[in-house]
Amino acid sequence: VFLDLGMTNLSEFDLAKSIDTFQEHPVILQRLALVNMVKDNRASARVYLGALSNTLFHADWADKYLGLLRTDPNLSTDSEIQQWRSVRVQNDCSFRDLKEADYLGELLEENGENKMSFEYLMAWYLLNGQLDIFAQNLDRWKDYDYSRMPQHYQEAILIYASQSQKEINLKDYMISEETFKRFEDINRLMMQYSYNKANPAPALAANYGNTYFYYFLILRSGLNR
Amino acid sequence: MKIHNKLPIIFLLLIVLSGSLLVYYALRNKQQLPHDYVTVERIPAIKPDYSDCVIPPNSAPLNFMVRQDGTSYAVKIYSKHGEPVEIFSRSPKIIIPINAWHKLLSENKGEELYFSIFVKSREGSWRRFSPVTNKIAREDIDGFIVYRKMQPTHHHTMSEISVCQRNLENYDETILLDNGYNQSDSWYAGYIDCVNCHTFCNNRPQKTLLGVRGYLPGGTSPASTLFMENNQVKKIGAKFGYTSWHPSGRLAIYSINNLPMFFHSARDEVRDTVNLDSLLAYFWADSMTIKTVEQISQKERLENWPAWSADGRYLYFCSAPKLWSKENLKKHPPDGYRDVRYDLVRISYDIDTDTWGRVETILSAKDTGRSIAMPRTSPDGRWLSFCMIDYGYFPPWHLGSDLYLMDLKTAPETGEHQYRRLEINSDQSESWQCWSSNSRWIVFSSKRDYGVFTKPYFSYVDQQGKVYKPVLLPQKNPEFYQSCVRTFNTPELIVEPVKATGEKLRRVVRNQEAIAVEIPVTMATPKEPGADGSEYPRQERE
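Protein chains in written order, with our numbering: chain D, 160 to 384; chain W, 10 to 551.
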């Protein structure tokens with residue numbers, strides 16, 4: 160995923176750490192070879208490929224790339240490598256431990272067209288319940304080729320609008336009638352259960368278990384326990 | 010049929026088999042170099058690139074791969090005197106017979122050595138390429154190299170790591186000490202976390218220091234140093250950083266550092282480190298005591314990379330101002346880490362009276378614009394080699410790290426320490442150099458051919474300080490490095506092998522008791538936790 164996002168160094172870092180746990184497993188060596196080809200570190204890539212060419216199941220793949228590095232050292236004919244290179248982060252920053260939001264934000268800042276980093280960044284905010292930052296970044300969704308706003312985004316903005324008491328023009332987000340209805344239904348159920356001092360989780364799970372409403376109001380708050 | 014009835018048949022079969030083998034080898038040896046061939050006016054590509062090098066007369070054979078397409082290969086290795094060595098092979102892998110090689114080299118010290126390479130095409134015709142030329146030095150290289158072999162780590166290692174000694178005259182490699190990762194004895198495997206830098210006195214193993222970091226269940230990580238003196242091994246309850254033995258062998262000076270690791274999001278090399286705080290201290294071998302003095306442990310400066318002059322009258326080291334406040338240390342890395350550049354300084358020392366002089370700057374980072382690291386002096390006292398990088402203290406993780414040479418002999422006459430960048434540098438990182446005992450060879454680490462997989466190279470240094478094209482440490486299998494996912498770092502040359510190895514060292518490591526030594530100072534800045542309150546991770550170094 161890091162490689163797809165453009166976090167090539169982070170991918171290398173995690174793979175190198177994985178060797179400690181899984182030793183020199185061919186799958187790890189294969190990814191390290193790819194990372195080094197994306198970074199145009201041909202010397203390192205050749206060593207990983209050389210190690211793989213001695214394995215039973217990855218030898219053909221390794222030999223293909225060893226041959227390609229001879230005939231096309233820049234790998235300009237390999238569309239996959241070119242795609243990874245095109246999204247690769249360029250501005251260097253230092254880190255000790257991964258701060259996902261910072262790193263994803265950097266990626267997006269650098270390459271606004273990196274839809275994947277936008278989606279991961281928004282997912283990160285949603286998972287952590289950081290709806291204020293989510294709302295600040297939500298306008299960017301128009302930059303991408305969405306036919307409609309993703310359902311979870313619609314649900315999150317409704318929660319944010321109701322909790323923050325801020326004036327938000329919900330028309331901008333093309334929130335569907337169904338989403339409004341789900342939100343009202345869930346609110347009604349939550350109030351009922353609150354009045355009865357009962358746990359709403361089982362009832363909500365049946366009909367709304369796949370919604371962000373359920374994640375935010377039940378799972379994240381720990382009401383399901 | 011009983012067994013004694015079978016014996017004549019078995020005996021006969023053995024004779025026939027032996028005879029066949031003899032005939033095969035006799036015919037094989039009668040192979041002759043091709044007479045009909047087309048001359049190709051260029052040298053063939055070979056890997057490793059053993060061409061235009063100066064090679065030690067006691068080197069193991071430089072086996073190589075011929076990188077020309079063909080169905081058969083013939084190589085004639087010859088020089089001015091003695092019998093040429095001829096090799097015939099159906100594969101491009103050229104394995105040189107070791108005895109014939111050593112005989113040829115010993116008879117031709119100071120002469121050119123030629124590899125004349127013939128390649129047979131698929132059509133059946135032979136091509137003869139212009140000979141690959143190397144020169145045989147007059148002076149031997151020390152017989153052994155000690156290096157640390159490990160995976161390129163990005164955190165503290167939990168994988169195999171070993172300090173090995175390799176015979177340079179053949180391919181024998183023995184493990185001095187490893188972390189037991191592959192041992193079935195889990196208690197042992199869990200105990201040694203890492204084996205670190207190894208330091209010899211005057212290229213001899215009679216006085217050796219070897220760092221060991223243990224790891225015990227519960228998370229404690231006692232660091233200790235093995236002190237090998239002649240055939241005895243003692244465990245000192247202190248971790249020595251970068252260390253240099255005084256040529257007298259009476260004391261060793263070492264750095265105490267706080268060197269956390271961090272990472273880069275886009276730079277070519279992911280890993281980086283910063284020396285948050287450091288000082289130098291010295292260990293008296295006879296009394297097992299540790300001392301320091303203010304001149305080498307200044308609170309406002311970072312002292313690192315000690316290296317004694319050949320006569321022991323000066324200590325060279327690297328020193329930089331500390332650019333961060335305690336508050337800034339809560340960030341990791343602290344702001345300004347890219348602005349830290351080390352000067353090369355020295356301080357006089359009288360070992361008989363244990364008296365230190367004043368620190369004087371030899372080469373200022375302000376003048377060079379770069380940071381100086383890893384100084385080493387040649388045993389004849391003539392040269393000082395060092396690395397320069399854009400910032401910080403650790404060359405292996407800087408793509409632009411280059412080797413430099415300073416003439417110490419001319420400095421008193423000219424009034425300045427002249428230095429120059431060596432021609433042998435590549436566009437990759439060069440680091441960690443060590444001189445041979447006769448000052449004619451340096452071995453150093455380089456990423457030039459195998460990227461993150463650092464390998465040792467040795468170069469001849471003539472009397473005038475010219476450094477010749479480096480030779481990659483030869484392997485029996487010339488394809489070895491092409492699939493070797495290990496780095497070989499911290500190469501040190503010694504004239505004879507370390508005697509205490511393996512279980513003898515492990516026993517000492519396992520012993521819970523270590524000789525307690527008291528360090529007379531605390532770090533100028535105590536070890537800081539990270540911004541989140543956690544301790545900085547332990548880490549490995551190339």
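Do not rely on the hints blindly, as some may be mistaken.
[To be verified] So the derived label-pair ranges between C-beta atoms look like this: (1) W/T377 to D/R229: 37 to 43 Å; (2) W/Q40 to D/N233: 54 to 60 Å; (3) W/T370 to D/D298: 54 to 60 Å; (4) D/E272 to W/S134: 54 to 60 Å; (5) D/T214 to W/D78: 42 to 48 Å.
Because the hints were derived from the structure by calculation, they are not lab data. For each residue, glycine too, the CB sits at the ideal point set by N, CA and C.
* Does the Cβ-Cβ separation between D/T214 and W/D78 fall within 42 to 48 Å? -> Violated: the Cβ-Cβ distance is about 25 Å, outside 42 to 48 Å.
* Asked: Is 37 to 43 Å right for how far apart the beta carbons of W/T377 and D/R229 are?
  -> holds, 40 Å
* Asked: Cβ-Cβ distance between W/T370 and D/D298: within 54 to 60 Å?
  -> holds, 56 Å
* Could one say that the CB atoms of W/Q40 and D/N233 fall in the range 54 to 60 Å? -> With Cβ atoms ~43 Å apart, the hint is violated.
* Asked: Does the Cβ distance between D/E272 and W/S134 fall inside 54 to 60 Å?
  -> Distance hint for D/E272, W/S134 holds at roughly 56 Å.
This entry does not satisfy hints 2, 5, going by the numbered hints stated previously.
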